[in-house]
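If you're matching them up, the sequences are chains A and B in order. Residue 250 in the working numbering sits at position 250 of the first sequence, and the numbers go up by one each step. Residue 57 in the working numbering sits at position 57 of the second sequence, and the numbers go up by one each step.
Don't read these hints as lab results, they were simulated from the structure. For glycine and all other residues, C-beta sits at the position ideal for the given N, C-alpha and C. Check the hints yourself; a few may be wrong.
[Said to hold, decoys possible] Partial pick of chain B residues on the chain A-facing surface, computed with a CB cut under 7 Å:
1. Arg-79
2. Val-106
3. Leu-179
[Unchecked claim] Derived pair list, reagent style EDC-like, types lysine to aspartate or glutamate, alpha-carbon separation capped at 20 Å:
4. B:Lys-117 with B:Glu-142
5. B:Lys-76 with A:Glu-207
6. A:Lys-140 with A:Glu-84
7. A:Lys-99 with A:Asp-137
8. B:Lys-46 with A:Glu-84
9. B:Lys-174 with B:Glu-142
10. A:Lys-166 with A:Glu-134
11. B:Lys-46 with A:Asp-206
12. A:Lys-68 with A:Asp-108
13. B:Lys-132 with B:Glu-142
14. B:Lys-205 with B:Glu-157
15. B:Lys-15 with B:Asp-36
16. B:Lys-12 with A:Asp-299
17. A:Lys-156 with A:Asp-70
18. B:Lys-53 with A:Asp-299
19. B:Lys-80 with B:Asp-65
20. B:Lys-80 with B:Glu-52
21. B:Lys-46 with A:Asp-299
22. B:Lys-53 with B:Asp-65
23. A:Lys-156 with A:Glu-134
24. B:Lys-76 with A:Asp-299
So the chains spell out like this:
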Amino acid sequence: MRRKQYNPFYFIGQAFRGLFRNLSATVGSLFVLICCLVLIGSSFLLMRNVTGNLNNLSMMNKIVVFLKYDISPERANDIRREIEGYKDLGNLRVQYVSKKEALQNLIDESEENAALYGSIPEADNPLADSFIIEYDDASKVNSLDYKLRQIEGVRKVNNRLDLAVKVNAFKNGMAVVFFFFFVALMAVGVFVIINTVNLSVMMRADEIYVMRYVGASRSFIALPFILEGTILGAAAAGASYFVVRWLNGYVIEKFSANLEMIRIAPFSENQQLVLWGFFGIGVLAGIIGSTISIRRPMDA
Amino acid sequence: MIEFKNVTKAYKNGKNVLNGLNLTINDGEFVFVIGDTGAGKTTMMKLLLREEKIDSGSLTVNGFDLGRMPAYRVPKYRRKLGVVFQDFRLFPGMTVEENVAFALRVIGTPKKLIRSKVLHMLRTVQLEEKMKRYPGELSGGEQQRVALARALVNSPEIIIADEPTGNIDPAMSKAIMDLLVMVNNLNKTVIVVTHERELVSHYGKRTIFLENGKAREYLPGGAER
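Given the sequences, and given the hints that come with them, work out the whole structure.
Below, the structure is given as structure tokens:
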């Protein structure tokens, strides 16, 4: 059997011809797609910043275990191993903070009384050795709290479970809102691409008709249109990336100084995620939209 | 060979278009299909092109069981067919040569082969000298010859022509029909759907008269089978 030869430039060329043939529709679609992606990206960054700031609230998902003042280093080590052995309570990260480190932290964090704290001799350090236990599963904190209190050598256990539960509920609620927002905007994007590719399909209806009857494969017929949608989505993704980057920079520049308690993450922390996320969404919307557009004329 | 066995086809509006159609067309035959409006000619064509599926019975074309054929095999099947449309369906923005080459290009034929095949086919339909012209610069008959060349260029086993002379003058109609007869002489099966009874009687070929979704046959010479 003779090997088939398809020129890839044919498909790409046809896709670009389709985009330029309906230039006004292409520009309009691009604009709407960029708006959708910028909204998705901005709300995503907003969510990330809010979540990040909530996570940074002191001791949000952490329990502090204060040890008795006279505890030996060996006993402290045993306690650490015991806590790390609580495998049924989810992933726990245990950090030991000696009373010397605790005092130094106090000095570092307190601008006004740094000199006063600094003057305390090491032998008179009133702080105790402690463990900071970071947990992932808030539902097991009560059990963890109970177990910690039973350990010989533990003086006090501090947890912020109530706040953690509320913050987690808020974060989950925000994620749900973002998800619906994302789905709605994605649907708008797909709809816009359907309309744009539909125009190309209509303009090439005769070609599609003849192609079907001379035995062109479905993929051969569909590929230029799918590429057209994909190019549209990718172009919108690229443009949206720069818009969101600029917006993020603008927000940091304008508001960061006035919001001392709130940290706005620099764009570099999220740029990979935004870039690939936009390309993923744009290309996916392009493929879905154009596939829907081309289905009917191919089956007609 | 084309074989309709008890084929029925009804549309969503409930109208039965084909009611147990039985028909066999052997390889290399030339067949006219005639019938009044609504007799089932178009449906028969659509079934042969696998644009529609049969409701019951069986339809086999050169070993392809069209009733059971999955959608992905349809393009391969259609490469065995050459279709000539009443309205030519030529692309005004392509030259004669490009229009004919289109049928080969879209099925992945190598470039070198396309050139030689197109030239050969344009020679056959006597349009070699006009290969750089656009369809708009040709007469109706010439346009139909381009459409015929496009249908034939992939060396199909069966030619299906839907009212091929519907949009051209009588003299040119005869030229087109002569070309179809010539193609038939190359041992290709030719099916011509037409309503022009004069044309049918002039050529004296096997004629299938569709009526109420069933076939009545006339042998060359006019005798009913």
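Comparing the hints with the structure gives:
1. Arg-79: At about 3 Å, which falls below the 7 Å cut-off, the nearest Cβ of chain A leaves the hint on Arg-79 (chain B) intact, so it holds.
2. Val-106: Result: holds, 4 Å to nearest chain A Cβ.
3. Leu-179: violated, 19 Å
4. B:Lys-117 with B:Glu-142: holds, 19 Å
5. B:Lys-76 with A:Glu-207: Judged against 20 Å, a Cα distance of about 18 Å means the pair holds.
6. A:Lys-140 with A:Glu-84: holds, 15 Å
7. A:Lys-99 with A:Asp-137: violated, 28 Å
8. B:Lys-46 with A:Glu-84: violated, 73 Å
9. B:Lys-174 with B:Glu-142: With a Cα-Cα distance of about 12 Å, the restraint between Lys-174 (chain B) and Glu-142 (chain B) holds, given a limit of 20 Å.
10. A:Lys-166 with A:Glu-134: With Cα atoms ~17 Å apart, Lys-166 (chain A) and Glu-134 (chain A) stay inside 20 Å; holds.
11. B:Lys-46 with A:Asp-206: holds, 17 Å
12. A:Lys-68 with A:Asp-108: violated, 24 Å
13. B:Lys-132 with B:Glu-142: holds, 13 Å
14. B:Lys-205 with B:Glu-157: holds, 19 Å
15. B:Lys-15 with B:Asp-36: holds, 16 Å
16. B:Lys-12 with A:Asp-299: Since the Cα atoms of Lys-12 (chain B) and Asp-299 (chain A) sit roughly 16 Å apart, the hinted pair holds (cutoff 20 Å).
17. A:Lys-156 with A:Asp-70: Roughly 14 Å separates the two Cα atoms, so the pair holds.
18. B:Lys-53 with A:Asp-299: Holds. Lys-53 (chain B) to Asp-299 (chain A) sits at ~12 Å (cutoff 20 Å).
19. B:Lys-80 with B:Asp-65: Holds, because 14 Å separates the two Cα atoms, which is no more than 20 Å.
20. B:Lys-80 with B:Glu-52: Status holds; Cα separation ~17 Å.
21. B:Lys-46 with A:Asp-299: holds, 13 Å
22. B:Lys-53 with B:Asp-65: holds, 11 Å
23. A:Lys-156 with A:Glu-134: holds, 16 Å
24. B:Lys-76 with A:Asp-299: With a Cα-Cα distance of about 16 Å, the restraint between Lys-76 (chain B) and Asp-299 (chain A) holds, given a limit of 20 Å.
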